[in-house]
Structures are given as structure tokens and as C-alpha cells.
Amino acid sequence: MLHQDVQAETKARPNARKQGSEEAGRTTEELHALYRQMIVIRYTEEQLARSHQMGLIHGACHTYVGEEAIASGVCAHLRADDAVFSTHRGHGHALAKGVSPREVIAELFGRVTGCSQGRGGSMHLFKPEIGLMGTSGIVGPCILQAAGAGYSFKLLRSDKVGVAFFGDGAVNNGAFHEGLNLASIWKLPALFVCENNQYATEVPFAYAAGNPNVGNRGPIYGMESVTVDGNDVLAVYEAAREAVARARAGEGPTLLECRTYRTRAHSEGMRDAGYRTQEEVEEWKTRDPIKRFHQWLLENQEADAETLAAIDAEIKATVEEAAEFARNSPWPEPDTVSDHIFS
Amino acid sequence: MLHQDVQAETKARPNARKQGSEEAGRTTEELHALYRQMIVIRYTEEQLARSHQMGLIHGACHTYVGEEAIASGVCAHLRADDAVFSTHRGHGHALAKGVSPREVIAELFGRVTGCSQGRGGSMHLFKPEIGLMGTSGIVGPCILQAAGAGYSFKLLRSDKVGVAFFGDGAVNNGAFHEGLNLASIWKLPALFVCENNQYATEVPFAYAAGNPNVGNRGPIYGMESVTVDGNDVLAVYEAAREAVARARAGEGPTLLECRTYRTRAHSEGMRDAGYRTQEEVEEWKTRDPIKRFHQWLLENQEADAETLAAIDAEIKATVEEAAEFARNSPWPEPDTVSDHIFS
Amino acid sequence: MRELTYVDATREALDRAMARDPSIFVVGEGIGARGGNFNTTSGLYTKYGPERLCDTPISERGFVGMCAGAAMTGTRPVVDFMFIDFILDAFGELVNQVAKMQYMSSGRLKMPIILRGAIGIGHSAATHHSGSYYPIFAHLPGFRVAVPAIPSDAKGLFTTALHGDDPVLFLEHKSILFNRGEVPEGDYAIPFGQARIARAGADCTLVAIGSMVGKTLAACDKLAEEGVSAEVIDPRTIAPLDMATILESVHKTGRLLIVDETFQPCGVGAEIAAQVIDQGFDDLDAPIHRLNGAHVPTPYSPPLENAIVPQESDIEQSIRDLLAE
Amino acid sequence: MRELTYVDATREALDRAMARDPSIFVVGEGIGARGGNFNTTSGLYTKYGPERLCDTPISERGFVGMCAGAAMTGTRPVVDFMFIDFILDAFGELVNQVAKMQYMSSGRLKMPIILRGAIGIGHSAATHHSGSYYPIFAHLPGFRVAVPAIPSDAKGLFTTALHGDDPVLFLEHKSILFNRGEVPEGDYAIPFGQARIARAGADCTLVAIGSMVGKTLAACDKLAEEGVSAEVIDPRTIAPLDMATILESVHKTGRLLIVDETFQPCGVGAEIAAQVIDQGFDDLDAPIHRLNGAHVPTPYSPPLENAIVPQESDIEQSIRDLLAE
Ligand SMILES: Cc1ncc(C[n+]2csc(CCOP(=O)(O)OP(=O)(O)O)c2C)c(N)n1
Ligand SMILES: Cc1ncc(C[n+]2csc(CCOP(=O)(O)OP(=O)(O)O)c2C)c(N)n1
Ligand SMILES: [Mg+2]
Ligand SMILES: [Mg+2]
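Chains as they are written, first to last, in our numbering: chain A, 3 to 345; chain B, 3 to 345; chain C, 629 to 953; chain D, 629 to 953.
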């Protein structure tokens with residue numbers, strides 16, 4: 003099975019793509035930006051997890067820890083006017099699309115300074131000004147919406163791209179089937195990023211899907227598709243580069259399966275036992291995308307330890323300040339509660 | 003493309019399966035029954051078409067002319083306690099499952115003697131006593147319901163089978179994706195028969211689907227799947243035999259694509275131009291499943307012309323009598339209109 | 629004034645808007661070269677081409693969700709369902725991804741999407757092709773719901789829908805689609821939330837919706853011969869609902885009957901009655917009555933079908949009953 | 629009597645029924661070994677195994693349609709949606725393939741299917757996890773709709789659902805799921821369509837639904853100190869709706885307020901008001917009032933969330949207003 007292959011390959015030659023030709027245009031700045039982006043997500047998530055324990059987050063909180071390479075690798079190729087649609091596990095996508103840690107944390111704290119002005123919380127992050135068109139508490143719709151953004155962009159003769167991030171759980175949903183087919187038959191400029199972390203809450207993908215592979219499903223829709231190691235930021239980055247370029251060039255959509263793992267519980271405060279072993283979790287922690295990329299940067303002389311430590315420290319401070327900001331931010335005014343139902 | 007292949011093959015060696023080993027158990031009676039079944043459907047449909055022109059049918063009327071081999075070939079393997087779920091084009095399925103021409107025609111005439119007591123019309127045929135669990139005016143649901151019958155039969159440890167008949171139009175619908183996946187992961191005793199007649203009303207399947215093939219989709223769901231010439235009743239019969247046996251044996255579901263063509267308009271009274279050529283229609287008429295099987299029976303000495311003519315004459319009389327019966331049947335009583343909403 | 633059919637009136641509105649605004653596109657099954665099952669788009673395909681008159685697979689949820697994404701990113705989709713019954717598979721998208729988007733984004737996203745389709749009982753269409761379902765959309769926050777009864781209103785309300793930024797359910801009763809009536813030429817918009825007084829009267833107030841407007845007027849004509857003066861109000865949109873006009877009429881007449889083909893429980897009549905009893909309690913001289921289609925799935929056979937739809941004679945009887953209270 | 633939580637009470641009913649009837653099975657996401665997001669099935673997986681506690685993919689439409697087919701062929705599915713919001717993707721199946729099946733088959737098919745899930749606003753669950761939607765199911769013919777407010781009713785109504793042959797929406801407000809109350813042991817069924825008088829009184833009638841029952845009773849306790857005697861009716865099922873009990877109470881009190889968290893337009897309160905005005909017109913001494921949650925998608929932040937749900941103090945004020953009319 004491809005799944006095994008990807009893991010095996012990963013272990014044998016970590017980040018083996020280094021020698022490939024496609025990273026010709028990959029500058030040191032780009033590499034550092036990727037690292038920084040992953041750190042922003044990781045630290046923000048860890049902050050949110052702590053804040054959740056402290057009771058500062060009122061609703062659910064699904065973290066992206068362990069999956070940072072995907073949003074970082076994909077969004078690196080997006081412009082502010084490209085449209086991203088995401089899921090319940092959307093903090094990473096919001097951050098990678100350019101929403102600040104302040105706005106994300108304040109949103110989960112329910113404050114008016116949050117990116118959704120406190121209306122959304124963890125699962126409803128909006129910043130359309132920079133193309134974060136919304137995360138959703140319902141599994142599936144983001145796929146259709148990304149196709150729709152593609153429809154707009156095609157009709158308007160622009161080179162913008164619609165992007166959906168979704169989990170393996172969405173793959174068994176009718177929205178996946180209908181959305182991919184529509185995007186394919188109309189050659190819409192769209193990218194469908196499946197973050198296959200192998201579980202939908204506690205239900206294994208291997209149980210829930212008649213076919214454990216996602217990346218082999220493109221041909222069924224007449225669409226390009228590819229599976230990459232989602233914990234290898236450069237693999238994601240290169241695959242997304244190609245897919246985004248294809249979309250911008252009017253050559254149609256791509257399905258990109260990223261094999262990954264969530265190392266925290268499905269959502270903060272939930273039990274995380276009974277459906278997977280501690281060994282499995284620990285094993286995947288050894289494939290942490292940030293640790294791996296850190297090592298790769300050092301080994302390939304793309305950065306020295308001090309530079310990376312400086313980035314870490316800077317982001318740490320930024321995120322702590324963001325949490326402080328969020329905590330000190332005002333609540334939304336109750337008398338605004340009926341605004342904006344209609345335009 | 004497989005589609006082309008099937009057509010080419012069909013022309014080159016019509017009903018070439020004759021020499022196969024799988025029809026070992028095919029008796030002359032079975033062959034005659036298949037012929038008779040197709041004639042019942044054809045004559046009933048032609049009667050309905052005439053009745054529609056005469057204003058005796060109040061709502062829509064989608065005929066099955068040209069597709070008779072499929073219902074006949076599949077239902078030959080079903081028992082009265084197997085469950086069939088069908089679509090808007092369901093007269094053929096009802097007849098093949100054992101509903102009499104009287105009950106079908108009376109239903110379309112809106113009479114209380116119809117199989118749905120006049121409540122359903124063309125698109126809502128019910129005779130659960132013999133496993134016709136309903137045809138549906140909505141594209142898609144029958145796939146899910148057949149899976150559900152499979153779920154019941156599995157849970158109840160019976161060897162019954164759930165069968166869905168649906169068009170190519172349903173293949174692009176989320177119900178197809180979700181239903182096939184569910185049936186596969188739970189190994190439900192179900193058979194999914196796609197009657198690919200290449201058009202959904204006027205929209206070509208080749209336009210509406212990113213992949214013009216249906217029978218190659220099974221592996222995506224971890225399911226057996228096969229494509230046959232749907233105008234070759236023996237090909238359908240043999241494929242269905244295998245699939246039904248597999249289901250009864252607890253070996254899981256099958257997707258069976260039958261390539262066919264509807265030679266009348268989408269529904270009676272509708273225009274039938276602009277979206278397909280008259281040549282295409284004429285060409286397909288030369289592949290008429292009944293004519294072909296008639297010829298095959300003669301060529302293979304399984305019947306003589308007189309026997310077949312006698313069947314034709316008998317069914318013709320039966321259907322004419324059925325129309326007479328329907329026309330003389332009483333209307334439903336208006337004061338029964340609120341009965342049976344609840345059990 | 630020249631006369632048009634109802635469906636021609638909406639097509640004129642659509643054509644004018646599409647000519648002016650290249651961001652409007654239509655999706656649906658058979659709305660391209662075929663011109664729509666009910667001729668809603670006939671002739672437009674040749675004018676605007678396949679991208680703007682886009683035939684779809686049978687993926688109702690898919691293309692509604694897609695159009696939600698399109699509406700959020702600068703275009704203006706019109707979803708043509710043919711029969712509105714087919715909207716049900718897209719209900720999750722509508723409730724969670726269409727109606728809530730402007731609110732959840734605090735007004736930063738707009739949602740200019742029209743969802744249109746033929747509603748109602750008739751022609752033995754049977755239970756999967758006879759739905760109306762509009763009380764459901766009036767119940768939920770975030771939808772505009774138009775149910776025009778005559779060709780000029782159809783044009784005027786469709787024009788408003790095409791120029792607004794909110795999700796609009798535009799629902800056209802099958803039995804009146806090919807009725808003819810005077811329709812203004814050129815630009816013609818009717819604001820949402822303004823009822824039309826279809827007939828002025830003093831003895832009782834009748835609120836009628838969609839196909840029931842014509843039947844109610846016919847019943848009133850008959851009763852007028854006996855000297856009954858009934859006022860008939862066509863709300864035209866049920867979200868927003870013009871309660872002011874209804875309350876004013878009840879203030880005058882003291883009696884109210886609501887005639888609606890759709891189901892009674894938690895329906896539009898219930899809402900109107902509840903608002904009148906709350907805000908017009910002292911105006912009422914008699915109980916408020918509702919006349920609805922029977923609370924059953926729609927049967928096929930003509931005698932059954934007729935039995936569940938309010939007929940002119942039923943309306944007449946209901947008016948008599950109301951006046952006798 | 630021993631006390632149980634609301635959710636334990638329904639699980640007891642389910643366990644008893646499953647032990648007796650091998651044709652009952654449960655489907656849902658995480659209802660197997662995990663025991664359900666809200667513990668609705670905890671412990672049952674070990675007892676009844678994976679075929680009868682069947683974890684599903686995220687295919688709401690798929691498994692609802694599947695369960696429709698199962699119910700038609702001899703088994704009795706219970707669909708556990710976790711949050712009822714997820715039912716919306718299955719709406720087409722529910723309306724056309726579940727609710728209409730008995731009718732269209734003239735009673736030859738039965739449709740013993742239960743659709744259960746947590747409803748309501750609370751805990752900053754935000755707009756995709758706070759829906760209730762029950763007025764929609766009361767509007768449509770073919771559904772039974774239960775909204776129990778206390779543990780014993782939860783057990784009794786769930787038992788009835790499990791033994792009946794009709795589709796039942798069984799809706800459990802999140803905020804009361806873990807409330808404790810006395811629950812009879814053994815077999816215990818409460819027929820649908822029988823309201824419970826939660827508090828007897830003479831000055832006004834308050835109909836409260838689901839989570840609003842407790843809040844309304846609390847408001848009444850407070851007002852009782854001032855000598856106000858309010859009657860509180862919990863309909864328990866809104867389809868069928870026990871209008872006889874409500875009408876009788878209004879006959880006595882002359883005043884009616886309906887308290888319901890869900891949306892006002894075309895809601896349950898509208899239906900109750902409309903029926904009372906029609907059948908109890910002469911009993912009314914004052915306008916009928918409705919107190920509902922705000923007509924907006926559910927916002928996340930606590931001050932916003934609180935602002936849209938009727939609070940005890942709002943109910944108290946509404947009762948005062950009603951008595952002052
Ligand atoms: C339509 C729908 N059904 C159920 C849920 C409840 N739910 C929330 S997250 C989740 C699991 C999602 O799994 P996956 O898509 O793999 O994403 P992951 O959480 O693994 O990132 C479920 C079932 C939902 N949000 N939407
Ligand atoms: C969900 C849904 N959408 C649209 C329709 C309208 N409709 C009726 S038949 C049909 C075409 C069906 O095509 P196909 O499934 O290929 O069956 P065929 O008519 O070719 O046998 C359409 C679109 C419907 N019945 N249901
Ligand atoms: Mg997952
Ligand atoms: Mg077809």
C-alpha cells in the first residue's frame with residue numbers, strides 16, 4: 003500500500019527531494035519563511051492549548067500540532083487574493099494565509115479583536131480581506147466552496163486560485179465526490195488538499211474508507227492527483243508549487259493528499275486513548291515536521307542553529323504578546339448581535 | 003476508452019459469451035423467460051406511450067424502451083424477498099420484479115388498482131410484498147436504500163440481497179459515493195446496477211463526469227465492479243448471476259455498469275432533438291436488445307420463430323387487456339387521502 | 629401595456645441583468661442549450677455561452693456549495709433547480725454555508741445568490757415534484773423568500789433579487805408559470821417586503837400566497853355578487869413579510885383568513901396569525917382562520933391531488949365561515 | 629425513586645430495547661467503542677458489538693438513506709447524529725425517502741427509524757453546533773418530534789420511539805443532557821402527544837419547550853413570591869402537539885406566552901398561537917406573546933451567545949408584560 007511506502011521512504015531518505023531539480027527557485031529566504039511559518043503555527047497552537055486549560059477558550063479547540071508542514075507548504079504559494087476554505091481544524095490555515103496570532107487567539111477568546119470579531123471561535127475564522135474565506139464546523143463544504151472560488155476566478159478571467167483544506171474524514175463525504183467532479187469537468191483553478199491524519203475523531207480512515215488511499219482518486223474525476231509525505235514541508239511545498247502553477251495557468255485542479263498525523267487529542271480536553279496506541283503517537287512524534295525541517299536546514303547549511311533559535315525566540319515572544327493582547331481585548335457588544343444578517 | 007471497446011466488441015461478436023462456461027446452468031426455460039420478460043416490458047412501455055398520447059396518463063412517463071435487457075437479466079436472479087429500489091425510469095424494474103402490467107398501467111392511469119393505489123404514478127411504484135420497495139422521483143436515494151436493505155439482511159443473517167437500479171446521472175451524485183463506500187466497508191449484500199444510457203435528460207455523461215467510465219470505479223471503494231454490454235441480455239444475466247451469488251454468500255457488494263441507450267425521448271411528450279443526432283438513435287436501434295436476443299435464440303436453436311411469435315402474441319394480448327382493465331378501474335376515494343401518513 | 633407570461637417576465641429580468649453584469653451566471657440541469665425545463669433560460673445560452681449558462685451534473689449539493697463559494701468571491705450565481713424539490717439535497721449548504729456567511733463574517737462577505745425553482749402541486753407531478761417548502765426558509769435567518777403571483781411581480785422581484793447582495797429563494801408556482809399579464813418594459817424592480825393589495829375590500833382580509841392569489845380573487849368575484857367586500861393581500865415576499873399592510877387591513881376589516889397551499893403547522897399562516905393576535909388583538913372581531921393544503925405528501929391521482937389543494941370553492945366556503953363567526 | 633441523568637435515562641431505554649429486539653441497531657460517528665460524543669451509547673458496544681453499534685464514516689446523507697432502506701426491510705435503525713446540525717446534509721433523504729414512505733406505499737411499508745441528536749445553544753458551540761431545527765420537522769408531514777425536558781420524559785419518550793413504527797426526531801438539548809432527575813425503573817413509556825403540566829397555576833399559561841422548561845419554572849418560582857400563579861406546560865412532543873391541554877389551560881387563565889429557544893418566524897409558538905386564536909378566541913383576555921431566541925445565526929462569544937437565548941430574567945419580564953396586558 004502506498005501509505006506504507008510513503009512511511010518507509012520517509013524513514014529511509016528523509017527529505018530526499020533535496021536533490022530534485024524542481025527546487026531550483028528555492029531561496030534561503032523562502033526556506034526560512036517556511037520554517038518561521040511552521041513555528042508560528044506550532045507556538046500559537048501550544049498557546050491555545052494552554053489557554054484552553056486555563057478556561058480562556060469557551061468552545062472547542064482543534065489544534066494543528068504535527069500538521070504544520072501542510073498549511074505552510076501550500077500557502078507559501080498563495081497570494082492574498084487567492085481564496086482559502088478550511089475546516090474545524092483551521093488555525094494553521096488561517097495563520098499560514100496571513101491572519102496574525104493576535105487575531106486567531108483573540109477569536110478563540112471570544113473577543114471583538116478576533117478575526118471574526120468574536121462571532122466564530124475556533125471553527126469559524128474569517129479574514130476575507132486576505133483570502134481566508136472561512137473555516138467551517140461542518141465537514142465537507144470547503145471542498146465545494148473552493149471549486150466555487152475557482153468558478154469565479156475562471157469566469158472573471160483572473161489567475162487566482164481556490165484552495166480547500168480538509169481531513170481524511172471528508173473524503174467519504176458526498177461533497178468530496180461532487181466537488182472534485184465539478185472542478186474537473188470545468189477545469190476550475192482549484193487545489194484540494196487532503197490532510198490525511200488517518201483518523202476522523204476516533205474513527206480510522208482505514209475502517210471508514212473502502213480504499214485507504216486518497217491520492218489515487220484523481221483519475222476517477224479526470225483530475226491530477228498526488229500523494230506526498232505531509233510531514234515533509236519541502237515535499238508539500240514542491241507539490242503545491244506545481245499544483246498552484248497548473249491552476250493559475252488554466253490547466254485545471256489538483257488533488258493533493260498529504261499523509262500526516264495529529265499528535266494531540268482530536269480537540270483540547272478530549273480523551274486521547276482507546277482508539278490509537280501511545281506507541282503510534284510517539285512514533286509519529288519522531289517524524290515531527292518542524293524537527294525534521296530544522297535538521298534539514300542545518301544539514302544542508304541553509305541555516306545555522308542560532309538563526310533558527312532567534313526565529314523561535316522571536317515567535318515565542320510574538321505569540322505570548324498575542325495572548326496577552328487577546329486577554330486584554332474587549333468583548334463584543336451584545337447589542338451588535340443582530341447586525342449583518344443581511345447585506 | 004472502454005466505452006468504445008464495448009461497442010466495438012458488441013458489433014464484432016454479438017453475444018459472444020455463448021461459448022463461455024458460466025452459462026452451464028442456463029436452461030431453455032430460463033432463456034425463454036428472459037425473452038418473455040423483455041417482451042412484457044417492451045409491450046407495456048409501448049402501451050404506456052400510446053396511452054400517454056391519449057391523455058390517460060396524468061403525470062410524467064419515462065419509458066425503458068431499449069434498456070429491457072438490464073432489468074430482465076438482473077431480476078431473473080432475484081427472489082420475491084430480495085429488495086429492489088429504483089428510479090424515475092422504473093417501469094421495467096417493477097415488471098421484472100413481478101409487478102403485473104395491470105398494476106403498472108393502472109398506477110400510471112391513477113387508479114386505485116395500481117400498485118401504489120394511485121398515489122404514486124410513474125415515479126413511485128411500490129409492491130413491497132414482492133420486494134419492489136419503491137421507485138423514486140429523486141435521483142440518487144435508491145443506491146443508499148439498497149445498501150440499507152443489505153444492512154438489514156446482513157444483521158438478520160439472511161441471504162437476501164438489496165438491489166439498486168440507477169442511471170448514469172446518479173453517478174455524479176454524492177449518494178453514489180457515500181452509498182458505495184458504506185456498502186463496501188461493511189461488505190453488505192447489495193448490487194448496484196448502473197444503467198448507463200449516456201444521457202441525463204439532455205446532458206451527456208461524457209460532459210457531466212470527469213471520467214466516462216462507471217465500471218472502473220469499484221476499486222475506489224474497495225468493491226468488485228464490472229462493465230457489460232447492457233443491450234446483451236445474456237451478458238447482463240451472467241454478470242448479475244455472479245454478483246448476486248457473491249452477495250448471498252456474504253462476499254460483499256458489486257457495481258455493475260450496463261452500457262445501454264434509451265431510444266425514446268427522456269419522457270413521453272418531451273422533445274427529443276438538439277442534444278443527440280437522429281443517426282445516433284438509429285444506430286442504437288440496430289442494437290435493440292430484444293431483436294438481438296430473438297436472433298440469438300434462433301441462431302442457437304434455443305427457440306423457433308413460432309414459439310417466439312406465440313410469446314409475443316400472448317404478451318400483446320395480456321398488455322392490451324391490462325390497459326383495458328386499468329381504464330375501467332375505479333379512481334381512489336378522495337376521503338382516503340390522509341390515510342397512512344403514520345403507521 | 630404589453631403582456632408577457634410569468635416565465636418570460638423573469639427571463640426578461642435575467643437577460644437584462646446578465647447583459648449588464650458579466651458576473652452573473654446560471655447553473656442547473658438543462659439550463660444551457662435546452663433553455664430550462666420550464667423555459668426559464670431559453671435563448672440565453674446562445675447569447676451568453678456555456679460558462680454563464682452552465683449545465684450541471686445531478687449534484688445539487690455540489691453546485692449549491694460551489695455557488696456559495698462563487699458568491700463569496702465576486703460572482704453572482706443563479707441556481708435554477710427546475711423543480712424546487714431538488715434543493716433539499718443542498719439543505720446543509722444552504723443553512724450553514726449560504727444563510728450564515730454574511731453574519732459570521734460580520735458583513736465582510738456578501739452572498740449574492742439566487743435559488744430559483746418551480747413549486748407547488750399540480751399536473752399529477754406527485755410527491756417528489758410538488759414541494760414548496762418556503763415556510764422553512766422563512767423560519768431560518770438569512771434568506772429572502774419571494775413567491776410572486778403575477779408576471780409583473782415576477783419581473784420586479786426577480787430584478788431586485790438580481791441586484792441585491794443577499795441569498796434569495798425565488799419560487800414560482802408551476803400552475804401560474806405560463807399565465808399572461810401586463811409587464812412593464814425596461815428596468816422594473818419591486819422592493820422586498822411590500823405586499824400588494826390585489827383587491828380592496830372592507831368586510832374581511834384575505835392573505836393569499838402564490839397560486840392561491842388567483843383562486844382567492846376568483847372566489848371573491850363570486851362573493852361580490854352577494855355583496856361581500858373582501859380585501860385580498862398578496863405578500864409577494866414572505867421574508868421579509870409586510871405585516872404593516874396586513875395589520876392595517878385587519879384594523880379595517882376585523883377578520884382574517886390566510887390561504888396557502890403549503891402545510892399548515894408552523895407555516896406562513898401561523899406566523900401571520902401569531903403576529904396579528906399579538907399586535908392587532910383589539911382589531912379582531914372573529915377568530916383568525918387558516919386554509920391550507922392537506923398535511924400529507926402529495927399523491928398522484930387527480931382526485932386525490934385535487935382533494936389536498938384548496939380549491940376556489942373551498943376558499944369561498946372559508947370566507948363564508950369567517951364572515952359568519 | 630433513583631435518580632439518573634437525562635442521557636443515562638435514554639441509554640437505559642435503548643439498552644432495554646436492544647436487549648429485547650435484535651433488529652435495533654445504532655449508527656453514528658463514534659457511537660461504537662467510544663460510546664458517543666455525549667455518552668449516548670456508552671457501554672453498549674461491548675454488549676451488542678460492532679454490527680449493532682456501527683461507527684460510520686462522515687456520510688450523513690449516506691447513512692440516513694441507508695437506514696431508510698434498512699427500516700423498510702425489517703430492522704430498526706437509530707441514527708445518532710451527535711450534534712443534530714449534521715442532520716441537514718441528509719435533509720433530502722428525510723423529507724422524500726423517510727417521511728413519505730408509509731404514505732406512498734399506502735401503509736404497506738413501515739418506517740421505524742429514530743433520528744436523535746443534541747440540539748440547542750450553549751457552551752459557545754457556535755453556529756454549526758447549536759441548531760435545533762425542530763419547527764421544520766413539525767411543519768412537514770410524516771415525522772414525530774420529541775423534545776423531552778427532564779430525564780423521566782427522556783426515558784419514557786425514547787421507549788415509545790423505540791417501540792413505534794414511525795420516524796421520530798428525538799432531540800436532546802445540550803444544556804440539560806446531564807441534569808439528574810427521578811426516572812422509573814423497568815419498562816416506562818410515555819405516549820406521544822401528551823403534554824405535561826410542569827406547574828399548575830391560574831393567572832397565565834406558559835408553554836415552554838426543551839431547555840426553556842427549567843428556566844420558565846425558575847422564573848415562576850420567583851414570581852410566585854409576588855403571588856403570581858402561572859401554569860407551565862411542557863408539550864414534550866411538538867408533533868403530535870397536545871393542543872387540548874394548552875387550550876384547556878388558556879380557557880382557565882385567559883393568557884398565553886410561548887417560550888422557545890428556536891427561531892420565531894413560522895415556529896412552534898406561531899403554530900400554538902394560531903391554533904389558540906382559532907379555537908380559543910373567546911377565552912383570551914390578552915394578546916398571545918412569544919418569547920424566542922433571536923432570529924440570528926448563533927454567535928460564539930459568551931456575551932453574544934447569552935444575548936440571543938431567552939434568559940430567566942427575560943422570561944420573568946415577559947410574564948410580567950403578559951399579566952400587564
Ligand atoms: C458533517 C459533519 N459530520 C460530523 C461532524 C463532527 N466532526 C467534527 S470533526 C470530525 C472528524 C473529522 O475528521 P477529519 O476530516 O479526518 O479531520 P481531522 O479532525 O482528522 O483533522 C467529525 C466527525 C462534523 N463537523 N460535520
Ligand atoms: C436530485 C434530482 N435532481 C434532478 C432531477 C431531475 N431529473 C429527473 S430524471 C433526470 C435525468 C436522470 O438521468 P439518469 O440518471 O442518467 O437516468 P435516465 O433518465 O438516463 O435513465 C433528472 C436530472 C431529479 N429527479 N432528482
Ligand atoms: Mg483526520
Ligand atoms: Mg442516463
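Think of the hints as simulated: they come from the structure by calculation, not from any bench.
Using N, Cα and C, we set each Cβ at its ideal position, and we do this for glycine too.
Treat the hints loosely; a few may be bogus.
No farther apart than 25 Å at their CA atoms in a straight line, the calculated lysine-lysine pairs in the DSS-like style are these [claimed, not checked]:
no.: 1; chain 1: A; residue 1: 293; chain 2: A; residue 2: 318
no.: 2; chain 1: D; residue 1: 675; chain 2: B; residue 2: 189
no.: 3; chain 1: C; residue 1: 675; chain 2: A; residue 2: 189
no.: 4; chain 1: B; residue 1: 287; chain 2: B; residue 2: 318
no.: 5; chain 1: A; residue 1: 318; chain 2: A; residue 2: 287
no.: 6; chain 1: B; residue 1: 293; chain 2: B; residue 2: 318
Chain D residues, not near chain A, derived (Cβ > 12 Å throughout) [as the list claims (entries may be wrong)]:
no.: 7; residue: 662
no.: 8; residue: 665
no.: 9; residue: 675
no.: 10; residue: 735
no.: 11; residue: 850
no.: 12; residue: 908
no.: 13; residue: 930
no.: 14; residue: 931
no.: 15; residue: 952
Q.
Hint by hint, where does the structure go against what was stated? Just the numbers, ascending.
A. 7, 8, 13, 14
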